[in-house]
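Engineer: Sequences listed follow chains A and B, in order.
FYI, in numbering that gives the first Met the number 0 the residues of the first sequence are 0 to 660.
FYI, in numbering that gives the first Met the number 0 the residues of the second sequence are 0 to 497.
Do not rely on the hints blindly, as some may be mistaken.
Once the Cα atoms are required to be at most 25 Å apart in a straight line, the calculated BS3-like pairs of lysine-lysine come out as [to be verified]:
| # | chain 1 | residue 1 | chain 2 | residue 2 |
| --- | --- | --- | --- | --- |
| 1 | A | K87 | B | K116 |
| 2 | B | K171 | A | K161 |
| 3 | B | K214 | B | K113 |
| 4 | B | K293 | B | K487 |
| 5 | B | K107 | A | K494 |
| 6 | B | K337 | A | K481 |
| 7 | B | K317 | B | K248 |
| 8 | B | K210 | B | K248 |
| 9 | B | K101 | B | K80 |
| 10 | B | K269 | A | K494 |
| 11 | A | K480 | B | K80 |
| 12 | A | K480 | B | K337 |
No wet-lab data here; the hints were simulated from the structure.
Owing to the predicted nature of the structure, the values given are computational and were not obtained by experimental measurement.
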Amino acid sequence: MAQKYKNKKETAKKPSFVSAPATAPKTKERKTFAIPSKASFILPIICIAVFAGIASYFLIEKNSDMLFMAQSKSRFFFDQTFWEECLKVPGAALSWISSYLTQYLYEPTLGASIMIGMWVVLFFAAKFVFKVKNEWSALILLPLTALLVTIIQTGYWIYYIKFFGYWFSGTVGLLAAMILTWIGMQSFFIDRKYTLVNAGYILLAVLSILCYRYFGTYGLLPFLYIPIIEMFRGNLSRNGLIATAAISLLVLIVIPQVAHNMMYNNIRADLAWTYSVPAFQSDNVTSSAKQYPFFAAMLTPILLAFVQKRKNKGSNIGALTAFCSLIVTVGILIGSYIIADEKNIDNYNYHAEMRMYRAIDEQRWDDALEEMASIPGDASREMVLLKNIALFNNGHMGDKMFKYNNMGEPPYVDDSLYVHMVQTAAPIIYYNHGKVNFSYRWCIENSVEFGFSFDNLKNLTRCSIINHEWEVARKYIDILKKTIYYKDWAEHLEKLVDNPSTFADYHEFGNVYELYSHMGSVLDGDNGLCEMYVLNYFANTQNKDSKLLQELTLNYAMVQKDIQLFWPRFMLYAQLHNGEKMPVHYQEAAYLYGCLEPQTMDISRMPFDESIIKKYEDFQQTSQSLLRTGLNAQDVGKSMKATFGDTFYWFYFFCRDIHSY
Amino acid sequence: MKKILTILSLAALLVACSSRPSVPTGAQKEDKTPVIQPDYTEVTIPCNIAPCNFAVLEPCDEVVARIIYNGGEYTYGEGRKVIIDEAEWKQMLEASKGKDIKVEVYAKKDGNWKAYKAFNINVAEEEIDQYISYRLIQPSYVAYEQLSINQRDITTFEEKDIYNNMSVSTEKDGQCINCHSYQNYKTDHMLFHMRQSLGGTMIVNGNSVQKIDLKTEGTISAGVYPAWHPTKNVIAFSTNKTGQSFHTKDNAKIEVQDTQSDLILYDVDKNEVHIIANDSLELEVFPTWAPDGKTLYYCSAHFEYQNDSIAKESEMIKRYKECRYDLYKMSFDEKTLKFGPRELIYCASENEQSATLPRISPDGRYLVFALGNWGCFHIWHPEADVKCIDLKTNEMVDVSIINSKYAESYPVFSSNGRWIMMESRRDDSNYTRPYIAYFDKKGKAHKAFELPQKDPSFYTYFLRSYNRTEFMVEPVSVTPQEFTAVAKTDAKKATLVK
Numbered sequence: 000m001a002q003k004y005k006n007k008k009e010t011a012k013k014p015s016f017v018s019a020p021a022t023a024p025k026t027k028e029r030k031t032f033a034i035p036s037k038a039s040f041i042l043p044i045i046c047i048a049v050f051a052g053i054a055s056y057f058l059i060e061k062n063s064d065m066l067f068m069a070q071s072k073s074r075f076f077f078d079q080t081f082w083e084e085c086l087k088v089p090g091a092a093l094s095w096i097s098s099y100l101t102q103y104l105y106e107p108t109l110g111a112s113i114m115i116g117m118w119v120v121l122f123f124a125a126k127f128v129f130k131v132k133n134e135w136s137a138l139i140l141l142p143l144t145a146l147l148v149t150i151i152q153t154g155y156w157i158y159y160i161k162f163f164g165y166w167f168s169g170t171v172g173l174l175a176a177m178i179l180t181w182i183g184m185q186s187f188f189i190d191r192k193y194t195l196v197n198a199g200y201i202l203l204a205v206l207s208i209l210c211y212r213y214f215g216t217y218g219l220l221p222f223l224y225i226p227i228i229e230m231f232r233g234n235l236s237r238n239g240l241i242a243t244a245a246i247s248l249l250v251l252i253v254i255p256q257v258a259h260n261m262m263y264n265n266i267r268a269d270l271a272w273t274y275s276v277p278a279f280q281s282d283n284v285t286s287s288a289k290q291y292p293f294f295a296a297m298l299t300p301i302l303l304a305f306v307q308k309r310k311n312k313g314s315n316i317g318a319l320t321a322f323c324s325l326i327v328t329v330g331i332l333i334g335s336y337i338i339a340d341e342k343n344i345d346n347y348n349y350h351a352e353m354r355m356y357r358a359i360d361e362q363r364w365d366d367a368l369e370e371m372a373s374i375p376g377d378a379s380r381e382m383v384l385l386k387n388i389a390l391f392n393n394g395h396m397g398d399k400m401f402k403y404n405n406m407g408e409p410p411y412v413d414d415s416l417y418v419h420m421v422q423t424a425a426p427i428i429y430y431n432h433g434k435v436n437f438s439y440r441w442c443i444e445n446s447v448e449f450g451f452s453f454d455n456l457k458n459l460t461r462c463s464i465i466n467h468e469w470e471v472a473r474k475y476i477d478i479l480k481k482t483i484y485y486k487d488w489a490e491h492l493e494k495l496v497d498n499p500s501t502f503a504d505y506h507e508f509g510n511v512y513e514l515y516s517h518m519g520s521v522l523d524g525d526n527g528l529c530e531m532y533v534l535n536y537f538a539n540t541q542n543k544d545s546k547l548l549q550e551l552t553l554n555y556a557m558v559q560k561d562i563q564l565f566w567p568r569f570m571l572y573a574q575l576h577n578g579e580k581m582p583v584h585y586q587e588a589a590y591l592y593g594c595l596e597p598q599t600m601d602i603s604r605m606p607f608d609e610s611i612i613k614k615y616e617d618f619q620q621t622s623q624s625l626l627r628t629g630l631n632a633q634d635v636g637k638s639m640k641a642t643f644g645d646t647f648y649w650f651y652f653f654c655r656d657i658h659s660y
Numbered sequence: 000m001k002k003i004l005t006i007l008s009l010a011a012l013l014v015a016c017s018s019r020p021s022v023p024t025g026a027q028k029e030d031k032t033p034v035i036q037p038d039y040t041e042v043t044i045p046c047n048i049a050p051c052n053f054a055v056l057e058p059c060d061e062v063v064a065r066i067i068y069n070g071g072e073y074t075y076g077e078g079r080k081v082i083i084d085e086a087e088w089k090q091m092l093e094a095s096k097g098k099d100i101k102v103e104v105y106a107k108k109d110g111n112w113k114a115y116k117a118f119n120i121n122v123a124e125e126e127i128d129q130y131i132s133y134r135l136i137q138p139s140y141v142a143y144e145q146l147s148i149n150q151r152d153i154t155t156f157e158e159k160d161i162y163n164n165m166s167v168s169t170e171k172d173g174q175c176i177n178c179h180s181y182q183n184y185k186t187d188h189m190l191f192h193m194r195q196s197l198g199g200t201m202i203v204n205g206n207s208v209q210k211i212d213l214k215t216e217g218t219i220s221a222g223v224y225p226a227w228h229p230t231k232n233v234i235a236f237s238t239n240k241t242g243q244s245f246h247t248k249d250n251a252k253i254e255v256q257d258t259q260s261d262l263i264l265y266d267v268d269k270n271e272v273h274i275i276a277n278d279s280l281e282l283e284v285f286p287t288w289a290p291d292g293k294t295l296y297y298c299s300a301h302f303e304y305q306n307d308s309i310a311k312e313s314e315m316i317k318r319y320k321e322c323r324y325d326l327y328k329m330s331f332d333e334k335t336l337k338f339g340p341r342e343l344i345y346c347a348s349e350n351e352q353s354a355t356l357p358r359i360s361p362d363g364r365y366l367v368f369a370l371g372n373w374g375c376f377h378i379w380h381p382e383a384d385v386k387c388i389d390l391k392t393n394e395m396v397d398v399s400i401i402n403s404k405y406a407e408s409y410p411v412f413s414s415n416g417r418w419i420m421m422e423s424r425r426d427d428s429n430y431t432r433p434y435i436a437y438f439d440k441k442g443k444a445h446k447a448f449e450l451p452q453k454d455p456s457f458y459t460y461f462l463r464s465y466n467r468t469e470f471m472v473e474p475v476s477v478t479p480q481e482f483t484a485v486a487k488t489d490a491k492k493a494t495l496v497k
């Protein structure tokens, strides 16, 4: 049929060529609206340049904090053991390379640039393999947009992803699929002289088990792409095409199962086909929608087969085609932005938590507080706890803990994922509270479920050092020494492990060790509720040997709003800090409790600041007058927040119904 | 010509890379043996064990080891590691049975070579069982994800899955697997448990593989710690109500406690459960058979709950240090499946200690067990050690040489009784590793060595523990896929015989 069409076209064209006078002008309209094909090379460059801009905006501008967290929750070690771990599941090379590249997200700009760079390569690789016409290059952005979405869509799933090298897996996988497709289409594998598929393609089918072993599902994509490309390219005979398609289909159906039976005892048989598509599963929640971008990235390249270059087509782009392609290009670019914007998790607290987490991890207390101070709405409970850590480490708990937001905005999720603090930040919260064994426990629990990440290994190292378990600390240090970005950190602590007597010189452990060493040793459990445990434990602890621990017990007794727990801790604080100025919030609490329950404590001789008393009187007066207007307690709280939101008074009466998680 | 030159250059490079290092001359002598990992200095090894590859932990950039044996010598060195060729190692072991292999280590730092004091590796005449099996698990607390029971050919480095829980389990359908056990070191009669999703006890009985639900209305739980009778098709199990709590500060980190436990006997052929012991004031656990099958050894703690107003779990947490296990035995009539009265073997509690996990040597003379200060889960007790009793004299045998300052637990004898394998946390106090010690004909224990790995740094980077290390004389022939297929079926309910 194609041959007939070609002949007709040539026949139709020939007379006009012959009969046209040598000087006759060429058809003017066509020349005016046509784009010379040589000039059209600029279109793909514009497409990928604009897309790179969009990707940079979403990755670097919007998600730098998330990218840093992504690498800290991942792992890669230059070690045989790591490679052997990768080999245990389909797509060993995919996992290894992706995990390796994920390390560079430590420097989000560098990591994102590598990712975008790979997308540029992927763009041109797809264009080359599918022989996409310049004017339809924008279609290649469809899989790239899907890849971008896989990165920015995760939200709190970032803490629950189990897939090795998640962040680069789609990119590396698709790039591998393009390369393997190109290899598979070489004449060695597909001999177009023959009517039936030659031995080369059968050999390729046999080798596909290796493609699957090293690139998982992506390794089999060439068997989806090749028959479709050949079908639209029209180079194969009908029989050859049918045979190619049949073999490909057989590979796609059989190879994952064969590989599963031969090589993998550790994956479910039904997952063999889609193993390289990360699962979004946690407890009873499965978020299939978050897998769709991965499938889209794999399947949208099929569209490219429709817009291949054909050898015998005219060289210039017609006006209509040019117009259509322009519309499509602009549409895809705008669509890419809209989809990315739609899927990007832009919740302020989600990002701020990550920035605060990093600041706490690096003991940049002021930065953590600055972050906390700039939140536009209510904080999450994790942020409140991180803020407390920063405050008691820089000694301002008593003066500032209620000057920040202490509410409990629940973590933002766009599906039914239930976020547990023990899985997001418990190790660092427990560690900084001196609850080293609990920190260690949650590092291990989370590592069991989500893998031994850099972040967990760092925490495990610190906990082991505080526990003076030098041998196991050395183990974790040895592992971290085999990384790019944690090597220096590990080597710094290696000196301590080599010479434990220098422990006191390592000031980063000072406060944690003080809390740890003054706590009792009992059997206990947190029932998976980190915040509740911390509050209850410290509020119910008494200690006079450590000022730091004692103050913490007072702070958490105040957070618990328990008057009976407050007074002994307040009095002990006063005793331990005799001669020092009593911090504002402690005065506020004492004055409030003294007024509320004068029978419990006589505060008439306590030297309160005038401003404390004045503020309390104003607080009482304002609240009473607002209540008289008929407002309910919640609305009164809202009305008074601007003036009194930084006081213990407001916290005591209006900071309620907080749900920990 | 160009091609020939390229090939020749590559060949030369290959030869250069694979050539043996030469022993450095003029090395400065060090008056100490080198610190190596794993520590194979002055150990006794079986004559069929895999190569004892090691890394030198002394500050150095490069090492050379000269291994001198009866009949020759070889040199090795790859950076700081000494990786021994498997064929050459076999040859060395064969020639050195009952003799020593001498190892000289040279280490280069900043261009200067040091010659460390040589050490010996004694090669015993007795072989070790070719296979061992173990569960690989993170040093876990509550969560579990990827668990596998593996078998390792310890005469080589080959390791395979026996069963991997990820073949059936994910997330809410997660499956815990544990307590693999064999009849008389053979694998044609073996079992392991599956918990939670698709739960049951996987029992291989000759050619049949079945999943059994051992929980009956009259027992505390399904079967837990198993012991397959050496000749009969019956299995003794403990049934347990187990809890876990966490030390806020102690390096032990975890306490695992039973609030209730009894003993049952499962008749494999009849699918029947019989009660062996269920005294409510006793916590009976860890059954093990004498090699002749006529005696059942086990542990029991006398524990009386004193406060009815709180849950047993809470009281146990408060009084966990008072729960101490002693060693007992009872006779067994193979025909009637009846047990005699219990007899005390070793009263650990009177010394304020707790004895667990007994095993009897194949000749029936020695009993090894783990001894800690309290409780039943000694792998989390740093003070726990392996102990041995001579059942002929009822005297303790000094096996202190096989212990360390950290936890040792789960001792087992090889089928010829010459090797004791145990779990030890001596490497780093947190991760459990398999250690093997020679136990000679005179009943004398020798320094233990760590199970060799191809890469001597393997244990540093491996973040799982070895759990329930057991000897086997043959590999498990049921494939993981076959186990998976049975795992997906419903468990057959066992019947309680009252």
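Engineer: Would the hint linking K107/B and K494/A be met if the CA-CA limit is 25 Å?
Structural biologist: 22 Å, holds
Engineer: For the pair we were handed, K317/B and K248/B, check the Cα-Cα distance against 25 Å.
Structural biologist: 16 Å, holds
Engineer: For a C-alpha distance cap of 25 Å, please report whether K480/A and K80/B respect it.
Structural biologist: Distance ~18 Å between K480/A and K80/B Cα, so the pair holds.
Engineer: Are the Cα positions of K214/B and K113/B separated by 25 Å at most?
Structural biologist: With a Cα-Cα distance of about 63 Å, the restraint between K214/B and K113/B is violated, given a limit of 25 Å.
Engineer: Compare the distance between the alpha carbons of K337/B and K481/A with 25 Å, and conclude whether the hinted pair is satisfied.
Structural biologist: 59 Å, violated
Engineer: For the pair supplied as a hint, K210/B and K248/B, confirm whether the alpha-carbon distance does not exceed 25 Å.
Structural biologist: 41 Å, violated
Engineer: Is the straight-line distance between the alpha-carbon of K269/B and that of K494/A 25 Å or less?
Structural biologist: 63 Å, violated
Engineer: Tell me if the straight-line CA distance from K480/A to K337/B falls inside 25 Å.
Structural biologist: Since the Cα atoms of K480/A and K337/B sit roughly 59 Å apart, the hinted pair is violated (cutoff 25 Å).
Engineer: Going straight from one Cα to the other, do K101/B and K80/B come out at no more than 25 Å?
Structural biologist: 17 Å, holds
Engineer: For the pair supplied as a hint, K293/B and K487/B, is the alpha-carbon distance within the 25 Å limit?
Structural biologist: With Cα atoms ~37 Å apart, K293/B and K487/B exceed 25 Å; violated.
Engineer: Taking 25 Å as the top limit, are the C-alpha atoms of K87/A and K116/B close enough?
Structural biologist: At roughly 41 Å apart (the allowed maximum being 25 Å), K116/B and K87/A break the hint.
Engineer: So if I understand the rule, the pair passes when the alpha-carbon distance is 25 Å or less; does K171/B with K161/A pass?
Structural biologist: Between K171/B and K161/A the Cα gap is close to 15 Å, so the pair holds against 25 Å.
In this structure, the earlier hints numbered 1, 3, 4, 6, 8, 10 and 12 are contradicted, and the remaining ones agree with it.
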